[in-house]
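Going down the list, the protein sequences come from chains A and B.
Residue numbers in the first sequence follow the working numbering, run continuously in steps of one, and reach 450 at the last position.
Residue numbers in the second sequence follow the working numbering, run continuously in steps of one, and reach 291 at the last position.
Be careful, since some hints might not be right.
As the list claims (entries may be wrong) - Label-pair distances were calculated between CB atoms; the ranges are:
| id | chain 1 | residue 1 | chain 2 | residue 2 | range |
| --- | --- | --- | --- | --- | --- |
| 1 | A | 55 | B | 159 | 49 to 57 angstroms |
| 2 | B | 147 | A | 438 | 32 to 40 angstroms |
| 3 | B | 154 | A | 347 | 40 to 48 angstroms |
| 4 | B | 159 | A | 148 | 48 to 56 angstroms |
| 5 | A | 383 | B | 63 | 53 to 61 angstroms |
| 6 | B | 278 | A | 371 | 54 to 62 angstroms |
| 7 | B | 154 | A | 428 | 14 to 22 angstroms |
| 8 | B | 233 | A | 356 | 40 to 48 angstroms |
Unchecked claim - Chain A regions said to be covered by chain B (calculated; three or more residues, Cβ under 8 angstroms):
| id | region |
| --- | --- |
| 9 | 161-171 |
| 10 | 404-414 |
Stated by the list, open to error - Cross-link-like lysine to any residue pairs, in silico, SDA-like; alpha carbons within 20 angstroms at most:
| id | chain 1 | residue 1 | chain 2 | residue 2 |
| --- | --- | --- | --- | --- |
| 11 | B | 203 | B | 61 |
| 12 | B | 165 | B | 230 |
| 13 | A | 439 | B | 203 |
| 14 | B | 165 | B | 203 |
| 15 | B | 189 | A | 392 |
| 16 | A | 439 | B | 189 |
| 17 | B | 189 | A | 391 |
Bear in mind the hints are in silico, worked out from the structure with no lab data behind them.
The beta carbon of each residue, even a glycine, is placed where N, CA and C say it ideally should be.
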Amino acid sequence: MSQAHEAARDALLALQAEATPAQETPFVARLRAEARDAFAAQGLPTTRWEEWRYTSLARLVESRFALEGEDTATPSREEAESVAFPVFACGLFVFVNGQFAPSLSRPATAGGPVRVESLARVLTESPETLEPWLGQLASSKEHPFVALATSFLSDGAVVTVPRSADSQTPIHLVFLTTGDEPHLCQPRVLIRAERGSRALVIQDFVSISKQGGHLRNAVSEVFLEDDADLGLVTLQRGHPRSFLTTGLFARQERNSRFASHVVTLGGQLVRNELQVTLAGEGAECRLDGLFVAGDGEVIDNHTLVDHAVPHCTSAELYKGILDGDGKGVFRGRVVVRPDAQKTAADQSNPNLLLSDGAEIDTKPQLEIYADDVRCSHGSAIGRLDEDALFYLRARGLGEEEARRLLVSGFAAEVLRGLPDEALSSTLMEELRKRLGRREPGARA
Amino acid sequence: MTSPLLEIKGLTATAGENQILNGIDLVIQPGEVHAVMGPNGSGKSTLAGALAGRPGIEITGGSVFYQGKDLLGLEPEERAREGVFLAFQYPVEIPGVTNNYFLKAAVNAGRAHRGEEELDAMDFMALVKEKAAIVDMPKDLMSRAINEGFSGGEKKRNEVLQMLLLEPKLAVLDETDSGLDIDALRVVASGANALRDADRGMLVITHYQRLLEYIPPDFVHVLSGGRIVRSGGKELALELEEKGYGWIEDAAEGSAS
Ligand SMILES: Nc1ncnc2c1ncn2[C@@H]1O[C@H](COP(=O)(O)OP(=O)(O)O)[C@@H](O)[C@H]1O
Ligand SMILES: [Mg+2]
């Protein structure tokens, strides 16, 4: 650890001591204390760590963060709804700087069967109900940012999809960051999809801060029981100067289906850790991702699919769009355990580089210990097709518009795969706006 | 007298180090259809590309005036908006962008340029319906990605549909007939003929005179070695059909040495 890393760690530890809440349910106190120790022992990763080789925290460790919300006013309902996508009818749950804001939330009008509660409330009223789940998938020992988040454990969302419930209405969790002082905000999500249930949850990290510079460190744990079918869309619409680290840990039982879509439209530094354990036979997961990094942005996706039992299927598609001096990192690890015969695992990571300064480090990592399996992986790095560009221009489209159209065409494969049509067209629009932000003339 | 629709003078061009066009002279008046024929590699697509502004074709000499304006000074999209259209010999496949979205954007780019109001989705759909009927274009091709997985014939129909939607003043068809069966050929021809009027001009590039039976040209030019080596009326196409291109190439070599 460098001196800067150590100083940053110590500053965070001091903040943690300050933030330790009064309530003392033994298992929560234990969870926090263990996490604090784990974070103190590990510190902040340096590029000497294998898992962090391509992603430097140099700028993060130079920053100092305040406790969440010290300087912030709660945004108005209009403000909150204008950044949440208003187009689709869904249960809206808004968290401002990590804390549940009931006044901004709007439970599903249809009165869907899904239960959404504030973590802070459950921690006060019935903490024992969380004990079998909280911290069970997200390991503080293995992930320093998980340790950091767990050591602060306070608020977030607890989502329960009851047994056999079939929810037609998506649940939209909006995590708003506001305020101009850089602060630390660590929302926590726990989702349980009970046996035979079906639901779609959107966790939306969005910033309405003018200055940016916050550190958001989010941890989500997702449990799918037998035959559950869960879609989880993670939207990351951060400020170009903000730091966002996330950990998403899912465990799937027999014949469950999990579809994760992670769409990242920017951030100074974004690191997403996504781990799925296929723990019951016949489980299927689909992991899709789209990331767009422009000038001064780094977006890193580390995924791990653990095929622990036979007859499971995983399919992964991550697409990267890198512009200016933006940088992307993709690491896709797939482990097929010795028992996991008849595994089918596909992975692909195509990337589009829009400028000479843009960069992508992509690396699949297949560890296959069973012999009767079907696994494939591929990564590609390409540039905009000049013939296609000319074709569009020859029909009268301006050069910038033609480029934007080609780039959104590249992204469409991921966005059209979203489980909600309104969401996919809204995001398509959002992407076009995002692409319009690029500096004219920044191209190669 | 009004200026010609297109006036090419002494045009020379290179592509990737190779000298390809060696001094082309060609004048198209409004209302005229000109055919350009010639063996493979004679520079037909390079000529078409030079008119549309294809990157990689470097103009080394000569001039091209379109409606009295210097065409070579315009960006490809400006040429298109001014009414120059190239039907590509090899239409490009573009994954993830629907034909519908693309064509609406193209039509509206032209309208905006002419100071006309943009078409909304409803008006555009009505327009497409009308034009698609002329080229027998299956409806589902509009909601698919541009040319992706289209058959050869579908791609060419799509080119002609685009031409009909954009209503260019000068249409350049680069071997739009190649690889088509006779029915598809008729469809392409009826698309081109639907556009033909006293104000527009066409440059029909083809390898075979077959297409010219359906789109009778006013003039036929034979291109060889990057030069027009002969020009004549439509009977020249028949002569080429009978004799093949051998004698032209011999003649071109003779004149080059
Ligand atoms: N980009 C390029 N780089 C190098 N040579 C080219 C390029 N494009 C075309 N050529 C060459 O120029 C000649 C004419 O090509 P083209 O105009 O396509 O002929 P045609 O359409 O008459 O068959 C051919 O010999 C071809 O190989
Ligand atoms: Mg050709």
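How the hints compare with the structure:
About 56 angstroms separates the C-beta atoms of residue 55 of chain A and residue 159 of chain B, a value consistent with the hinted range of 49 to 57 angstroms. Look at residue 147 of chain B against residue 438 of chain A: about 21 angstroms separates their beta carbons, and that is not inside 32 to 40 angstroms. Remark: the range hint 40 to 48 angstroms for residue 154 of chain B to residue 347 of chain A is contradicted by a beta-carbon distance near 56 angstroms. Distance hint for residue 159 of chain B and residue 148 of chain A: a CB-CB separation of about 55 angstroms, consistent with the stated range 48 to 56 angstroms.
A C-beta distance of roughly 60 angstroms is found between residue 383 of chain A and residue 63 of chain B, which places it inside the suggested range of 53 to 61 angstroms. At roughly 60 angstroms, the beta carbons of residue 278 of chain B and residue 371 of chain A sit within the given window of 54 to 62 angstroms. The hinted window of 14 to 22 angstroms between residue 154 of chain B and residue 428 of chain A holds, with their beta carbons roughly 20 angstroms apart. Remark: the range hint 40 to 48 angstroms for residue 233 of chain B to residue 356 of chain A is upheld by a beta-carbon distance near 46 angstroms.
Coverage of the region 161-171 of chain A by chain B is violated. Counting CB-CB distances below 8 angstroms, 0 residues qualify, and the rule asks for three or more. Using a Cβ-Cβ cut-off of 8 angstroms, 7 residues of the region 404-414 of chain A lie near chain B, which meets the minimum of three, so the contact claim holds. Between residue 203 of chain B and residue 61 of chain B the alpha-carbon distance is near 14 angstroms, which keeps this suggested pair within the 20 angstroms criterion. This hinted pair checks out: residue 165 of chain B and residue 230 of chain B have alpha carbons roughly 15 angstroms apart, not beyond 20 angstroms.
Taking the CA atoms of residue 439 of chain A and residue 203 of chain B, the gap is near 34 angstroms; set against the 20 angstroms cutoff, the hint is violated. A hinted pair counts as satisfied when its Cα atoms are at most 20 angstroms apart, and residue 165 of chain B with residue 203 of chain B qualifies at roughly 17 angstroms. For the hint pairing residue 189 of chain B with residue 392 of chain A, the CA-to-CA distance comes to about 19 angstroms; that is within 20 angstroms, so the pair holds. Distance check on the hinted pair: residue 439 of chain A and residue 189 of chain B sit about 31 angstroms apart at the alpha-carbon level, beyond 20 angstroms; violated.
Distance hint between residue 189 of chain B and residue 391 of chain A is fulfilled; the C-alpha atoms sit about 18 angstroms from each other, no more than 20 angstroms.
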